[in-house]
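Heads up: the sequence lines are chains B and E, in that order.
Quick note: the first sequence, position 271, residue 271 per the numbering used here, numbers continuous.
Quick note: the second sequence, position 322, residue 322 per the numbering used here, numbers continuous.
Worth double-checking, as some hints may not be accurate.
Identical copies carry no separate label here, and so any pair may be met within one copy or between two of them.
Using 27 Å as the maximum straight-line C-alpha spacing, the simulated BS3-like pairs for lysine-lysine come out as follows [what the hints assert, rightly or not]:
| hint | residue 1 | residue 2 |
| --- | --- | --- |
| 1 | K334 | K240 |
| 2 | K269 | K334 |
| 3 | K269 | K6 |
| 4 | K184 | K242 |
| 5 | K136 | K312 |
| 6 | K67 | K47 |
Simulated from the structure, these hints should not be mistaken for lab results.
Protein chains: 2
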Amino acid sequence: MAGTTKSDLKDVARSAGVSIATVSRVINGEAVVKEATRLAVNAAIKKLGYRPNRAAQRLRSTHRSRKLIGLLIPDIHNPYYIDIISGIDAYASAHGATIIIGDFSQDARRERIYIDTLRSESVDGCIVATTPRTEKYVESLIGEGFPVVCIDRELKNLITDVVKSDNETGAFAATEHLIKLGHKRIAHIAGDLQIPTSHERIAGYRAAHQQYKLRVDEGLIISKHSNYESGVELAAQVLKMKKRPTAIFTGNNLLTLGVLEVLHGQGVKIPQEIAIVGFDDMYWANSLNPALTAVRQFGYEIGHQAIELLFKRIEAPQRPPVSHIVNTQLMIRKSCGTKS
Amino acid sequence: MAGTTKSDLKDVARSAGVSIATVSRVINGEAVVKEATRLAVNAAIKKLGYRPNRAAQRLRSTHRSRKLIGLLIPDIHNPYYIDIISGIDAYASAHGATIIIGDFSQDARRERIYIDTLRSESVDGCIVATTPRTEKYVESLIGEGFPVVCIDRELKNLITDVVKSDNETGAFAATEHLIKLGHKRIAHIAGDLQIPTSHERIAGYRAAHQQYKLRVDEGLIISKHSNYESGVELAAQVLKMKKRPTAIFTGNNLLTLGVLEVLHGQGVKIPQEIAIVGFDDMYWANSLNPALTAVRQFGYEIGHQAIELLFKRIEAPQRPPVSHIVNTQLMIRKSCGTKS
DNA sequence: CGTTAAAATGTAAACGTTTTCAAACATATG
DNA sequence: CATATGTTTGAAAACGTTTACATTTTAACG
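Work the whole structure out from these sequences, hints included.
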């Protein structure tokens, strides 16, 4: 029967008739303790329902404490970020670090609360995918000497470690794929224009047009936010265009899914009536019908590199910031049809 | 320029020419400190790159206001768990609590490492979805008096707080839907049989058959693991059956996606050749083609209730355990066709 | 039995904070 | 100027452990 009031080492020691040092030794199992006393102490521990105070243990222990890493993610529902989290988590748990995740789902207030929380839990460093809203906040964090690694996008006013995909090249490949298949009117449903990533992808879309001597119809580049709902809304807009595009290139996976809902809902045949290629692959891209052709970002790899960088920065706060650009890969499946 | 060696309150105090008490007050922002000294102290903090030791803070602080909650999730790639996390996270951040997430992706070793980590970070309690492998471990945790709330499934040998879906009723509704549509040979691709949840869903499947006086063909209930790959493997198996079923009921969303990959890959028409209903809805169920009919679990709600329960248990460790059963809802879309 | 080494235990000093209490200082009042 | 009142500060005692060091007990041996 565990006791109801929390007890001390001292209580246990008294109850077992030994000193607190002995109790400590029993608990840590290190030093040689006489069998009889060990039994007595363990009995006392059980009787009192004693549990060591981790904070105190941690404070006193010489053993280097485990690292605590904060993670700020804009939207945990986005499969891409899940991959990133996996990558970070795998490395962290392999190195005895713990991660605290903050998903601030498009909510500025919560985002700030989280940053404060991270600070008050005194994490050793954090990995963030900033939004325009939190940029200043994160910058001030760095100003305080806080180790931070950015993923997905860099900060405007500050040079930091950053790990991101090669968005422009990825978007180029997607668009090029469509062009080579003979498409001339390709709509681009882009993500939120406040996010640099969106612009990089638009740039890739433009570059492909330029390379293949195709004029970009500015009216074909549309955007609102980066979420599912915007995909729905903008897809409807595309379908209503007087000269309907023969293909759509979507700026991220949430937009892709929203677009697909509309296309299927209206019975538009893919790829016969409209081809589609999305930025962001999904592990279940083959479960879509038709299987989705998409630009794969190596989220796991990005997460892995980010935390590796963060560890290095924690060790050496003064080291010059680096940026890692991770390649993307066009996964060709069925949603764009075939050449012949 | 942040210092490179870690510094004390004492160091800061010396550098700012005040006592450690004053520095502490500045840091906690509570007591009234003269503006001039506050500035001086903050300057010293910045200069030395000082960061408080959270173990010491925790140890000394009486009003340990912010709770630290551990979360043990079997697979962060499963959208259902993401919903649960969202629910927990929302409540937590509204109550100034922080959550530490451990995704142990089907890996027993990491699972144990995580439990140890949670313990050493001195979390105030945790929410777990146990796997057969970790059950004993979690039980011993509870034995130590650790506040734990289970989601999805209860423990075998111990009564705890638990929040879960009404699996049997949900599975019943899905199967009944199929039966009412005229299906008589319904395959059930179940999840891992080591997980109680799988059995509850199978029970629902059976109950529907019984209610409608249909014999259950045991050969139609197949299972392996609960993941995507098993969905792929078992779907292929279904397609090869001599008397091919006219419908499939899948035991969870990963299985559903795996099954869809195979069905689409082989050009099987849904729902004309085979109807499908899945356990677990997904926010992009409408992006599938045809839109997926599925049993919705209210993951967000489950997460919310779980953490509420956990808070209560932390406050009152001796309160009798309760279990909350959350209803499910059959979301009828297009993957089963219509009656007429 | 006396001596010595080894084993087991105890004492007390950390660990880095917060917090109580009292002292010092400032300001206003008579 | 003395006193009262408030505002800032500092000294030192916690918090619950681990651990270096000292001490006691036990075992071993001649």
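Results for each hint:
1. Proximity of K334 to K240 under the C-alpha cut-off of 27 Å is found in both arrangements, the shortest distances being 24 Å within a copy and 25 Å between copies.
2. Taking the shortest alpha-carbon separations for K269 and K334, both the intra-copy value of 12 Å and the inter-copy value of 16 Å come in at or below 27 Å.
3. With identical chains, the CA atoms of K269 and K6 are never at most 27 Å apart, being 65 Å at best within one copy and 63 Å at best between copies.
4. Taking the shortest Cα distances, K184 and K242 sit within 27 Å of each other inside one copy (15 Å), while across copies they are farther apart (48 Å).
5. Taking identical chains as interchangeable, the C-alpha atoms of K136 and K312 lie at most 27 Å apart only when both belong to the same chain, with a minimum of 24 Å there against 37 Å between chains.
6. In the homo-oligomer, the alpha carbons of K67 and K47 lie at most 27 Å apart only across protomers (23 Å), although the nearest pairing inside one protomer, at 31 Å, exceeds that limit.
Figure legend: structure checked against the earlier numbered hints; the only hint not met is number 3.
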